[in-house]
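S.K.: Sequence:
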Amino acid sequence: GTTVGPYVFTPTANSAVINVTDIQFRLLGTGFTAGNVTINTACASGTQPGNVTIAAITAATTSATQNTLTVNAGGSITVNGAINLKAANGAGLTPGDHLSLNAGTFISVGAFDITTTGGNPTATSIGSNAGNITFTAAELISYPGGGKINAVGGNAKNSGIGGNGGNLTMNVGTNFDGSSEEWKISGGNGAGTTGGNGGAISITGSTGITIPGKMTAIGGTGTAAGTPGDVSVNDGNAAVTTGGTNDGIS
Numbered sequence: 004g005t006t007v008g009p010y011v012f013t014p015t016a017n018s019a020v021i022n023v024t025d026i027q028f029r030l031l032g033t034g035f036t037a038g039n040v041t042i043n044t045a046c047a048s049g050t051q052p053g054n055v056t057i058a059a060i061t062a063a064t065t066s067a068t069q070n071t072l073t074v075n076a077g078g079s080i081t082v083n084g085a086i087n088l089k090a091a092n093g094a095g096l097t098p099g100d101h102l103s104l105n106a107g108t109f110i111s112v113g114a115f116d117i118t119t120t121g122g123n124p125t126a127t128s129i130g131s132n133a134g135n136i137t138f139t140a141a142e143l144i145s146y147p148g149g150g151k152i153n154a155v156g157g158n159a160k161n162s163g164i165g166g167n168g169g170n171l172t173m174n175v176g177t178n179f180d181g182s183s184e185e186w187k188i189s190g191g192n193g194a195g196t197t198g199g200n201g202g203a204i205s206i207t208g209s210t211g212i213t214i215p216g217k218m219t220a221i222g223g224t225g226t227a228a229g230t231p232g233d234v235s236v237n238d239g240n241a242a243v244t245t246g247g248t249n250d251g252i253s
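Counting the sequence shown from 1 gives a position; the numbering used here is that position plus 3.
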């Protein structure tokens with residue numbers, strides 16, 4: 004196949020399997036030019052619904068360009084291991100990569116961490132930005148275990164602003180069930196100047212939302228703190244209730 008991205012995997016038969024290393028090498032640029040990776044389940048000759056199971060993925064990028072791992076499933080997406088798209092620490096800018104999961108039915112994540120943090124420079128430099136994380140499911144998103152989400156900007160070294168936190172977006176057709184652990188998308192710390200800005204958090208679920216144990220989107224520290232990220236939670240109910248269907252949201 005091609006050695007230059009973007010890279011698109013599309014099945015030609017039922018029960019297709021993609022090796023994790025095939026994804027990692029293309030995101031990292033190992034034997035390939037680093038680029039975006041997209042996995043589709045649509046198959047003209049297939050008879051299966053297009054469910055995807057993701058094992059652990061680790062791709063600590065050293066690239067100055069942010070790439071995106073996208074999974075488009077006609078059916079469900081089940082995450083059975085940690086997804087680590089954070090940046091490696093390096094002399095220059097090393098931002099975290101983006102993650103986008105899109106399911107025709109549901110997304111289920113076990114007690115696993117998802118990480119897209121920006122790298123911390125080893126030489127004088129500003130902090131690197133974190134990658135964005137986007138989940139979209141026609142039915143539900145279930146992340147009920149102890150998994151953390153980390154999309155924090157990198158800290159500057161010696162002189163420079165901190166990196167910005169990534170944006171976290173969860174869009175679901177029915178209900179959303181968040182994990183019991185912290186989801187953190189704060190800005191990185193500045194060195195001799197301002198901190199990075201926090202990323203934005205947006206969670207939409209038309210029939211109910213269970214908020215994660217803690218969500219943090221503060222600005223990084225510095226001579227002045229970075230701007231906190233906006234937090235938006237929309238469960239489709241217009242009226243606030245007590246002991247009812249829309250408790251605690253205004």
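Each hint should be verified, as a subset may be incorrect.
With a cut-off of at most 16 Å between alpha-carbon atoms, the simulated EDC-like pairs for lysine to aspartate or glutamate come out as follows [what the hints assert, rightly or not]: (1) 217 <-> 142; (2) 217 <-> 184; (3) 217 <-> 180; (4) 160 <-> 184; (5) 217 <-> 185; (6) 160 <-> 116; (7) 151 <-> 185; (8) 160 <-> 185; (9) 217 <-> 233.
Source of the hints: derived by calculation from the structure; they are not laboratory data.
Predicted, not measured: the structure shown is a model, and the values here were computed from it.
S.K.: All hints are to be evaluated individually against the structure, with a verdict given for each.
M.R.: Consistency of the hints with the structure:
no., hint, in the structure
1, 217 <-> 142, "violated, 24 Å"
2, 217 <-> 184, "holds, 6 Å"
3, 217 <-> 180, "holds, 13 Å"
4, 160 <-> 184, "violated, 29 Å"
5, 217 <-> 185, "holds, 4 Å"
6, 160 <-> 116, "violated, 26 Å"
7, 151 <-> 185, "holds, 6 Å"
8, 160 <-> 185, "violated, 26 Å"
9, 217 <-> 233, "holds, 15 Å"
When held up to the earlier numbered hints, the structure conflicts with 1, 4, 6 and 8 and fits the remainder.
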